[in-house]
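Q: Please construct the entire structure, taking both the sequences and the accompanying hints into account.
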Amino acid sequence: MRRYLWLRIGIILVAILGSLTYLYPPPGIREYLYGPAPGLARKGGLLPPTLNLGLDLQGGIHLVLGVDADKVLESQVERAAADIRGSLEKKGIGVAQAARQGTMEMVVQLASSQSWNDALTVLNEFPAFDRKSADQSAGRILLALREREAATQRDLAVRQALETIRNRVDQFGVAEPTIQQQGENRILVQLPGIQDPERAKALIGKTALLEFKMLDERTSVEDALAGRLPETSEVLYQRRVDKDTKVERKIPYVVQKRTLLTGAELNRAEVQADPNSPGNWQVAIEFNAVGTRIFGEITEQNVGKLLAIILDGNVNSAPRINERIPGGRAVITGQFTIEDARDLVIVLRAGALPAPVKILEERSVGPSLGADSIRQGMLAIIASALVVFVFMLVYYRFSGLIADVALGLNLVILLATMAGFHATLTLPGIAGIALTIGMAVDTNILIFERIREEFRTGKTVRGAIDAGFARAFRTVVDTHVTVLVSAAILYNFGTGPVKGFAVSLAIGIAASLFTAVFFTRLIFDLLYTGRRRIQALSI
Amino acid sequence: MLQLFKEPHFDFIGKRRWAYLLSLAFIAVGLVSIAFAGGLRYGIDFSGGTLLQVRFDQTVAVDRIRAALDQIKLGESVIQEFGDPREFIFRLPLAEVPAEEVTRRVQEALAKDPAFGKVEIRRVEFVGPQVGRDLQVQALYAVLASMVGILIYVAVRFDLKGGVASIAAIVHDVLVCLGALSLTGREMSLPVLAALLTIIGYSVNDTIVAYDRVRENRGKGVKKGLSFAEQINIAINQTLSRTVLTALTTFMATTILFVFGGKVLEDLAFVLTVGVVTGTYSTIYIAGALIVDWTIWAEARARRAKKAVAKAGSA
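Protein chains in written order, with the working numbering: chain A, 1 to 539; chain B, 540 to 854.
FYI, nobody ran anything at the bench for these hints, they're computed from the structure.
Don't take every hint at face value.
To be verified - Below are the DSS-like pairs computed for lysine-lysine, each with C-alpha atoms no more than 27 Å apart in a straight line: (1) B/LYS612 - A/LYS358; (2) A/LYS206 - B/LYS612; (3) A/LYS71 - A/LYS305.
A: This is the structure:
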């Protein structure tokens, strides 16, 4: 083991230089190591600037969203029900009912069972549906969406939602966001450094389904509220918040269920000052070619009638159509503040979510708390390092000093490895580092105690060192493996911050194998071997 | 040379019955405390709910906050001072309203009372019912998985007896930690679970060092007439300095973390500190002592079986 001295010195030097380069890269190398990431320029000098900080340290918001994919299936079944009714009626088959039942099922009730076989032939044209039961005498058929079709639709909905949310976040302007699918129907969104988490949540979670529907002017609001309204109409509300009293008013409208046009056909959306009410803002929209044509037709056919602009099921406004509008331009008004208007523009540009999303988990930390956490965490690390340093020095004297240097090297390698792998340092991760300080010296304690023991059996300095390192080594490996096992399980289980704890613990423990065994041994070899005969060992 | 123990010869194993009693007493106190509290208190990570960390720019009475929160009717909320008389934590149970509404309503309620001054919401944690349930199941798996992993490792490296005794020591440590958690009114949260898993790794660590020594001594040849109990006792004594020193440095690190690490890390550091102490103790008195009793029992049974065979032969 005393051979290869120069090689071993070289390895240690490379490790130290490499670590320092990763922690404090010189300007030219920084881009090479970390890419042209603007987020790296961070203030707060306590930690190396290349360390990737978790949301709990730098502030930010962590969201897990659940995509309600069943809503997509429901609307698909509803659309299919309308299609099936249309196809049957085209063949002259009377339909008493064609409606969704539950999420994936549909009941088709024929007016009579006379044209039963023809009806079945028509239904065969809808291969996405399975016939679950058919009662000829009652003229009643139960259809169910095929599981494979449903799975495809669910998957598509989640992926579309992911894409839409990514677009919104991009337009909102967040440095280094994380947006990824988690499990089957969950989406993880992490936005570091967000100042206003409430606004970000509203922006991400809004379905933003813009719809244009005609008002049902033949049914009075009173009748509709009493439940007397045709099957093709429904009551929707306009929400208005009084600026002074903050009281919300809900104004009912009777709206035809049929959607004429949606926000999917939009080309542009922009914030404008509202010319009719100073201090308020409005959103100007422009349709694409298809939307422009449809919008032209709608306005042409409905001159003098009221057109409802509906956002996420709420009536935004219901202006009267004065004339045909050929250019595909419209304005959405509604007492918007400039921020409201801007956010609406973002969601309209990024498109609607295919299905509503629900927040399943949220963890957001304000920037001031993050700074406090860093300060306290660093204080704990420095304090425990100091105490352990002094303890080792007092107890093992010069050998303790070597162990202390090894411990310092351990911390440097630990942080550099985290920076190099772009691992995230979290608040529990800082706890992991503090714990590592206590546990990393264990290896040196094991070895030193062993050397002392060997001494007592009458060995020479050199013999005791050799035997001490050799005998302790197996135990050291064993103890490392068990901690790594728990860290690996912790990593697999944990969510963000806890994962950080596992990462720093595991790297710290692995690094201690290098520093407490390899490095300490080298120093011992350098000091206590060679031509001079050493009689005493300071341990 | 500074030395904790000079060639110690403590009779640890001989006093193991007392240690069993002590352990049982500790665990019993802990379990009674848990039972009286109606089970472990789960934090929102596992039970679901909303946690808000709020800072006011002046000192505020808890009653005043409670009055404000009662108005928004989000269910029974827990209000706790958090390290500073201006800083509080609110825990709200799961409600029908969506997550984004909860924070907004609390903000509005606090804004209504001018006595609060400027209010800063520093941390929001919301865990929905599904996520809470998922985390509960995963937590259970994680604890079981790490125990199985360690059982296998120790059984392969040493023997099955050692593996089972290590697991017994781990169960002992986890129970003591949970008891301490309940006695101090702390909650079971994700960081606490992380601490428990770490303690599992730490506790078995010590045990392995002692077992390693037993085997090494055996490899050198056991002195005649040395019983298994004595062999274990010698190994424990030989590794005692290291066990205590490591426990000491780790204990210092976790205690400092507990004192200086800030409120958020307090529970994690608390469990680590308790765990280091019980983990060290359980190496000697659970993992070491149990394997002795098991061996004595197995040997006695083997002798009885031999006698029975001999008797049957002579009859």
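Q: Against this structure, judge whether each hint is valid.
A: Evaluated hints:
With a C-alpha separation of about 22 Å, the suggested pair B/LYS612 and A/LYS358 falls inside the 27 Å cut-off, and the hint holds. Distance hint between A/LYS206 and B/LYS612 is fulfilled; the C-alpha atoms sit about 25 Å from each other, no more than 27 Å. The hinted pair formed by A/LYS71 and A/LYS305 fails the criterion: a straight-line CA distance of about 31 Å is larger than 27 Å.
Violated hint: 3 only; the structure is consistent with all others.
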